[in-house]
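A.B. asks: Here are the chains, one letter per residue:
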Amino acid sequence: MATEKYQYVGHAMRKKDSMQLLLGKPVYTDDIVPRDALVVKLLRSPHASALVEEIDTSIALKVPGVVAVYTWKDVPRTRFAIAGQTYPEPSPYDRLILDRQLRFVGDPVAIIAAETEKAAAKAMRLVKVKYKLLPAILDMHDAKDNPVLVHPEEDWYPPCPVGGDNKRNLVASDVESDGDVEKVLADCDVVIDHTYHTKAFQQAMMETFRTYAEMDRYGRLHVISSTQIVFHCRRILSRALGIPKSRIRVEKPRIGGGFGAKQTAVCEVYPAFVTLKTGRPAELIYTREESQIAGSPRHEMEIRVRLGASSDGRIRALDLYTLSNTGAYGEHGPTTVGLSGHKSIPLYTGSLEAFRFSYDVVYTNLQPAGAYRGYGATQGIFAVESAVNELAERLGIDPTVLRDRCMVRQGMTMPAYYNEPASACALDRCMAHCREMFDWEHRYPVRDMGNGKVRAAGVAMAMQGSAISGVDVGSATVKLAEDGTYNLIIGAADMGTGCDTILAQMAAECLDCPVENIAVFGADTDVSPYDSGSYASSTTYVTGKAVEKACTELKGQICRIAADLLGCAPEDALFEGDHVRCGTDGRTVSMEEVAYKSQAGNTHAAESTATHSSPVSPPPFMVGMAEIELDKLTGEVKLLNYMAVVDCGIPVNPALARIQAEGGIVQGIGMTLTENVTYDHRGRPVEASFMQYKIPTRLDMGHLKVEFENSYEPTGPFGAKSIGEIVINTPAPAIAHAIYRATGVWHRELPITPEAIAMSRPEENA
Amino acid sequence: MEIKLKLNGKAVAGSVEADTPLIDFLRQKGCYSVKCGCDTSNCGLCTVFLDDVPVLSCSVLAARADGHAVTTLEGLQEEAADFVGFIADQGADQCGFCNPGFVMNTIALLRENPDPTDDEIRAYLAGNLCRCSGYEGQLRGIRAYLDSRKGKGAQNGN
Chain A
1 MATEKYQYVG HAMRKKDSMQ LLLGKPVYTD DIVPRDALVV KLLRSPHASA
51 LVEEIDTSIA LKVPGVVAVY TWKDVPRTRF AIAGQTYPEP SPYDRLILDR
101 QLRFVGDPVA IIAAETEKAA AKAMRLVKVK YKLLPAILDM HDAKDNPVLV
151 HPEEDWYPPC PVGGDNKRNL VASDVESDGD VEKVLADCDV VIDHTYHTKA
201 FQQAMMETFR TYAEMDRYGR LHVISSTQIV FHCRRILSRA LGIPKSRIRV
251 EKPRIGGGFG AKQTAVCEVY PAFVTLKTGR PAELIYTREE SQIAGSPRHE
301 MEIRVRLGAS SDGRIRALDL YTLSNTGAYG EHGPTTVGLS GHKSIPLYTG
351 SLEAFRFSYD VVYTNLQPAG AYRGYGATQG IFAVESAVNE LAERLGIDPT
401 VLRDRCMVRQ GMTMPAYYNE PASACALDRC MAHCREMFDW EHRYPVRDMG
451 NGKVRAAGVA MAMQGSAISG VDVGSATVKL AEDGTYNLII GAADMGTGCD
501 TILAQMAAEC LDCPVENIAV FGADTDVSPY DSGSYASSTT YVTGKAVEKA
551 CTELKGQICR IAADLLGCAP EDALFEGDHV RCGTDGRTVS MEEVAYKSQA
601 GNTHAAESTA THSSPVSPPP FMVGMAEIEL DKLTGEVKLL NYMAVVDCGI
651 PVNPALARIQ AEGGIVQGIG MTLTENVTYD HRGRPVEASF MQYKIPTRLD
701 MGHLKVEFEN SYEPTGPFGA KSIGEIVINT PAPAIAHAIY RATGVWHREL
751 PITPEAIAMS RPEENA
Chain B
767 MEIKLKLNGK AVAGSVEADT PLIDFLRQKG CYSVKCGCDT SNCGLCTVFL
817 DDVPVLSCSV LAARADGHAV TTLEGLQEEA ADFVGFIADQ GADQCGFCNP
867 GFVMNTIALL RENPDPTDDE IRAYLAGNLC RCSGYEGQLR GIRAYLDSRK
917 GKGAQNGN
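Note that the protein sequences, when read in sequence, are chains A and B.
When we follow the working numbering, the leftmost residue of the first sequence carries the number 1, and every step to the right adds one.
When we follow the working numbering, the leftmost residue of the second sequence carries the number 767, and every step to the right adds one.
Because the hints were derived from the structure by calculation, they are not lab data.
Cβ coordinates follow ideal geometry from the N, Cα and C atoms, glycine included.
Take these hints with a grain of salt, some might be off.
Partial pick of chain B residues on the chain A-facing surface, computed with a CB cut under 8 Å [said to hold, decoys possible]:
1) GLU840
2) GLY841
3) GLU845
4) CYS861
Only pairs whose alpha carbons sit at most 25 Å apart, straight line, appear in this in silico DSS-like list of lysine-lysine [what the hints assert, rightly or not]:
5) LYS277/A <-> LYS245/A
6) LYS118/A <-> LYS130/A
7) LYS132/A <-> LYS167/A
8) LYS453/A <-> LYS632/A
9) LYS128/A <-> LYS73/A
10) LYS555/A <-> LYS597/A
11) LYS128/A <-> LYS16/A
12) LYS118/A <-> LYS770/B
13) LYS277/A <-> LYS73/A
14) LYS916/B <-> LYS25/A
15) LYS122/A <-> LYS277/A
16) LYS25/A <-> LYS795/B
17) LYS25/A <-> LYS776/B
18) LYS479/A <-> LYS555/A
19) LYS776/B <-> LYS118/A
Sample of chain A residues lacking proximity to chain B, with all beta carbon distances greater than 10 Å (derived) [said to hold, decoys possible]:
20) TYR6
21) ASP398
22) ARG443
23) VAL686
Chain B with its partners taken away, still in its complex shape (with noise of 0.2 Å):
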């Protein structure tokens, strides 16, 4: 079946089966961020958003985007590098991997919730599984950015 987005901002169509999951087509047309980890919908990794919700694309059918907007973290460069780089500095990227679904998934929580505590950010990642990192550095890195921006905001008078 023939299907047509917005993916990233831009229109596109392609040709999908009935049983194509979102996460393939999106690998076909280049979104190489979006990681498959598990086939299960437990880790995380294929965090992508549909209408800005985020979803697990691997369990999101691609006829189900048909007529929708899908961002991956390819669209969403600048977003994520305005906080990315506080979780390089703990170090908490480690084999990156997990890394796309992750960042998608903090850029969803920090529109939805600008100013989380601990605990919020702790409850809403929970779905995003990482081995290497131990959570704790990631956690590190999202503080300092939430603290830097405060910082920020209070030099500009906010």
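If we strip away everything but chain A, and leave its shape as in the complex, we get (with noise of 0.2 Å):
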């Protein structure tokens, strides 16, 4: 379990990219791109939902530098998915290029392309459009069955059985269950039934959306865009623009940030769509504001909990039912609402006679859901941790020993989990760890500061998965170059996190070499091997399996070089770094030689290429606990100290790994306390700017500390779990746990704010 035994798994090193990122060097899409490509800007209706009834183009085309204008008169028939899912992905074919029918307030209606920005902007005030208005559905409480529907389309197409029906406005929709829970909960002593509510939250990563294509030198589509799925953008494009796969090639650049808005290829169709109408190079770049009102954020969820526990605090039944809004189009929402449940209940895996989960996920003319770190995990923790803190308070024992009697621990069998098995699991120690360094004992007691301000303390659990197991597909190629060194080339996708570098630390480990000897490129779908991308909390655990085993398979094939060289049999050959020794005789040759005989004569590849799927999920875990100080008049909430442990099972990168868990601390006390999403009364964003939607600044998240509490996943590679996903999950119960415990009311919709604070009262809230 230790890493002691490890040269550089389990070490802090630097990310291989950062000295290039940190010293401003061209590296992103819009840097290294042909400044003479077309400016794409697309027209957007300004209705929540409507029919374009006339549109006429012919005033745009006539302004100097505009090339085209394209309407849905122009663009393929064949519905499709931007969801970035193995295919057959559960996200039903839903949308065209452009659509006569709107959906909501964003929804593209032309694409404008052009010489120069001014002229497309220009251009796009004088396409003329009547719009038939259409009734709208912008609650997602009236969608199920309602008669108006989102997608009357005859077309509309689920590859995957999940339940939906276009003609109910329902995407997906199921019930699962274990034990009798109505028979379980009737025997409680205590039944908590509440309903949390989360936003639409978004991910704001700081490079906007952007997407750059061109016919290259073979005739080809070439797309470069910032994105976390290169091999199923290529997919989506394939069947979008109607052209075969192997004319399409896609690579992202270095990523601004992901956090899974660029799962889904939110702008890709479109500059692809002008370049290959136009066959000039085209780009598109997202403003804040397009990215803000049309992008792929968190799905909305209510989710109403029925937790009932006897009287000692002893969690024995969880029913769950979450509504999922999934806005005007399905991305990703057959599967967000599946973890609002898989990875909240299994929490209690230690104590739980029965449970049931059952959703409806809905369609509604509001901006499209899409894939946002936690992917339903953080909106279930939320509802569940809430409800569990709430349990504890009812019976007056404290929240962390209440955890301690029902959590989940190693070796149980997980039944709400596809009963799977906590292989790896610390979370007890993490328990113990975070009370400890959070000196919960003194500081989870409400204290009155005596200036009308309380100090109050909260806490939650959370786990979230390591890739989706049989589905996601890791592969790595490593290959000897002359001088003894490898390249290491990846499908995977680092967007910032430092994949690049974890998985030339496995190299590194596995090849006995330094760090620096392995060159990572990714990703690219001419060069890359197949991976399903970065998402799902898969990359360090699939792919990195998949570059143990390359490098595996490489050790053979340079030992039978070697051994060619050597005269000796191949099994006599052993891998030794820098160089192999004959085990009979003693005597050497240098990984130079052997990279050189490689290149003279020889039949053996000096290259391998493996690949990796696993079929269990095994789930990282975290305690979270958090410090504030309430103004009870203006219902302020400053956050004083956040302390997390987690347990990721070996951390391939400590350094990396913990400043994933507190970038994704500071989003989730962003989402729990400053960002919103709301509409107006016609379905127009509001928080359409950073001015509105205030993502946390360095003065509003007070002081953070995460340690780890290691485990050793047997199925991972060196032991590793995950770490992307799971850090976002606990700010938001322990938050509203330690607002509870300054002001006696319970928060249960998020974001809290001062107003929703200072305007609330105990009693409302028995």
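Fit chain to chain and form the complex, with the hints in mind.
C.D. replies: Here it is, written out as structure tokens:
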């Protein structure tokens, strides 16, 4: 379990691209593409629900510099999904590049391509559109079985059976259970029954959506995009544009943040379509406003939790119903909702006798949702962890002690998590460690500061997965270069997380060479071996294992080549890092000699590609504790301390794992306190810029402290699980708990604003 | 209109529209470190120096730079290299898109206040948003740099 035996894995080191990034080198999409690309702009619907009755582009086309204006009449009639998911996608094929029916404020009406930004902007104002207004569904509670249909079209198509029906505004629906939940609930001493509401929070990555397209020297469509999913993107473009995959190449340069936003092909089809039609390079860069109103945010969810427990604080039954709002299109709708139950209920495997989890995912005429770090688990954990805190407070039991009695522990089988085993689980140690680090005993009691301010604390646990079991595929190619160094080529997408570096650390460990000797490249559909992409907390766990496999295979190949040089049997050749030794007589050849031999009269490939997929998705675990100071008069919450202990298996690079945790926690703080998503009565989004959508600054997050409790996951590379997503899950329930402690009011809707706190009274809320 | 200015120490001239923001002009001149993150002067990504004072280049007209000196991260590579390794050691560079603006403003801070407290660092850099790092690692990096500088100073007998 210890990492001391490893030279590179388990050690903090700089990201391979860090100095390029910190010194501002041109490494992102818009830094590297030609300056003369056509500027692509999208005219967007001002209405939440409308039909394009007439559209006239003739005046717009007369603007000097305008090259093309496309409308719904110009695009292929094949419906597709832009969710980056393995085929056949659970997300319905419900989109056209441009549709005559417009389904949310921001839905594209026309694509404009011009020589300059100014010409494009001018043309945009001169496209004449006559809209026929249609009734809109702006509240997810009204959606199911409403006669107004968001997707009335006959060619709506779900590639997977997920219980959806477009004639009911339903994208997915299901129910599953284990044991008789009603019977156990009836037998419980206490039942907590409340509904929790989370909004469509924005990833707000610093680099907005952007894509460049050109015809390459072979006459193929070459797409450079800020994406987490190069291979899914190629497949999506192929279907949307009606051209074979062999005619498309998708690559990603450095990416200015993703957090799941770029697991959806939000903007790729538009410049690709322009390039295909005009033969000219084209680039589309979303403004911040476009990213805010037509991106791929978190699914708004409302989760009813019925939690049954004994009076001594044993959680016996959990019954969850989730209503999820996918907005105008169904990207990630059927899958995000699953995590709201699958990654919250199993936390209480230790005492749970029965559970039920049911859900509906509905269409509305609001911004379509997508994938955002946590992917439904965040919403479910806010609900379940809040309910558990409510239980503890009602019973007067310390909420950390109550959790000790009920939590999942190593070796248990988790019925609510596909009956997977908790093979590596240090959740109990995370709780004990965090309690001590945070000084829970002294910070948990409410302290009136005597100046109208109150200090209080709250706690929450979390889990996530590591990849989608039985689905996600990771691959790696390792090649030997002449001087005995290596190239590692991957299809996973480093979006700032540092996966290029941690995968190189694993390769260096396997190949017994310095990390500097591993040159990493990714990701390009023409060059990289197939990888599902970087999402679902999969890269460390799945692609990491592929790296391990590829290196093992390559070492075998190297030994075969060396055996020829040494004149010994291949099984006697021993790989020893910078040389291969003949086990029988001790003679050696250097890796450089082997590499040169591989290029002369050699028939053994000095490279290897390996692929991995996992039948299980081992959960990382975490405990978070928040200390706040609340102003009773204004309702202002000041976060003083946030401390957390994470079990991500073996952290491959503890510095990067720690930053992942800190960054995720601050995003979680934002969605709890300051980030809001609201619409006006016509369905227009209010928080359309960073003026209204307040992500935390460095003055808003108090002091963070993150530590680790290692476990060893037997199926992971070097014992690793995942870290990327779980870290956003604890702040909302922990801070809501602290606010209750300070005020006596449970806030069950996010964000919890000063207004909501100041206007609430304990008795409203018993 | 024609403008003339000093960009990273070199005299440059260019033709701009009256409403061209400085960021667009700078990227046209190849200063790709200057990034646009928000369009509303909220994020700090586009921070450059106008006569050695940090400004948001999305909110300054290129015409305003006429006759002045503009410095971007391209012009401060050595001064930046001095401390950004400490940020890299923390892994706090992350996606890197906010880094140039953050690094520029940190240079401005350290020129103005060579020995800032943690709270002074937080306050000075409050306008530089970062969505990846959670800020704490950036602070640790700057603190480690300041500590190392003190250590060096002590060794030199200062």
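A.B. asks: Hint by hint, say whether it matches the structure.
C.D. replies: Taking the hints in turn, this is what the structure says about them:
1. Nearest Cβ of chain A to the Cβ of GLU840/B: about 7 Å, under the 8 Å cut. The hint holds.
2. Below 8 Å, beta-carbon pairs count as interface contacts, and GLY841/B has none with chain A, the closest being about 10 Å; its hint is therefore violated.
3. Among the interface hints, the one on GLU845/B is violated; its C-beta lies about 11 Å from the nearest C-beta in chain A, farther than the 8 Å criterion.
4. Given hint, CYS861/B at the interface with chain A, holds; its Cβ is 3 Å from that chain's nearest Cβ, closer than 8 Å.
5. With a C-alpha separation of about 17 Å, the suggested pairing of LYS277/A with LYS245/A holds against the 25 Å cut-off.
6. A C-alpha spacing of about 24 Å is found between LYS118/A and LYS130/A, which places the hinted pair at or below 25 Å, so the restraint holds.
7. A C-alpha spacing of about 21 Å is found between LYS132/A and LYS167/A, which places the hinted pair at or below 25 Å, so the restraint holds.
8. Proposed proximity of LYS453/A and LYS632/A is supported: the alpha carbons are some 6 Å apart, at most 25 Å.
9. Under the criterion of a C-alpha separation no larger than 25 Å, the hint pairing LYS128/A with LYS73/A is consistent with the structure, at around 15 Å.
10. Of the supplied pair hints, the one linking LYS555/A and LYS597/A holds, its CA atoms being roughly 15 Å apart against a limit of 25 Å.
11. About 50 Å separates the Cα atoms of LYS128/A and LYS16/A, which puts this hinted pair outside 25 Å; it is violated.
12. At roughly 23 Å between alpha-carbon atoms, LYS118/A and LYS770/B fall within 25 Å of each other, so this suggested pair holds.
13. Between LYS277/A and LYS73/A the CA atoms are separated by roughly 14 Å; this keeps the pair inside 25 Å, and the hint holds.
14. Between LYS916/B and LYS25/A the alpha-carbon distance is near 29 Å, which puts this suggested pair outside the 25 Å criterion.
15. About 21 Å separates the Cα atoms of LYS122/A and LYS277/A, which keeps this hinted pair within 25 Å; it holds.
16. Of the pairs offered as hints, the one joining LYS25/A and LYS795/B holds, with about 14 Å between alpha carbons and a cut-off of 25 Å not exceeded.
17. With a CA separation close to 19 Å, the supplied pair LYS25/A and LYS776/B stays within the 25 Å bound.
18. Distance restraint check for LYS479/A and LYS555/A: the Cα-Cα separation of roughly 10 Å lies within the 25 Å cut-off, and the hinted pair is therefore satisfied.
19. As the CA atoms of LYS776/B and LYS118/A are separated by approximately 29 Å, the hinted pair breaks the 25 Å bound.
20. No beta-carbon of chain B comes within 10 Å of the beta-carbon of TYR6/A; the shortest separation is about 18 Å.
21. Even its closest Cβ contact with chain B, about 28 Å, leaves ASP398/A beyond 10 Å, as expected for a residue assigned away from the interface.
22. With a minimum CB-CB distance of about 19 Å to chain B, ARG443/A clears the 10 Å threshold, and the non-interface call stands.
23. No beta-carbon of chain B is positioned within 10 Å of the beta-carbon of VAL686/A; the least distance is around 14 Å.
Of the numbered hints listed earlier, those contradicted by the structure are 2, 3, 11, 14, 19.
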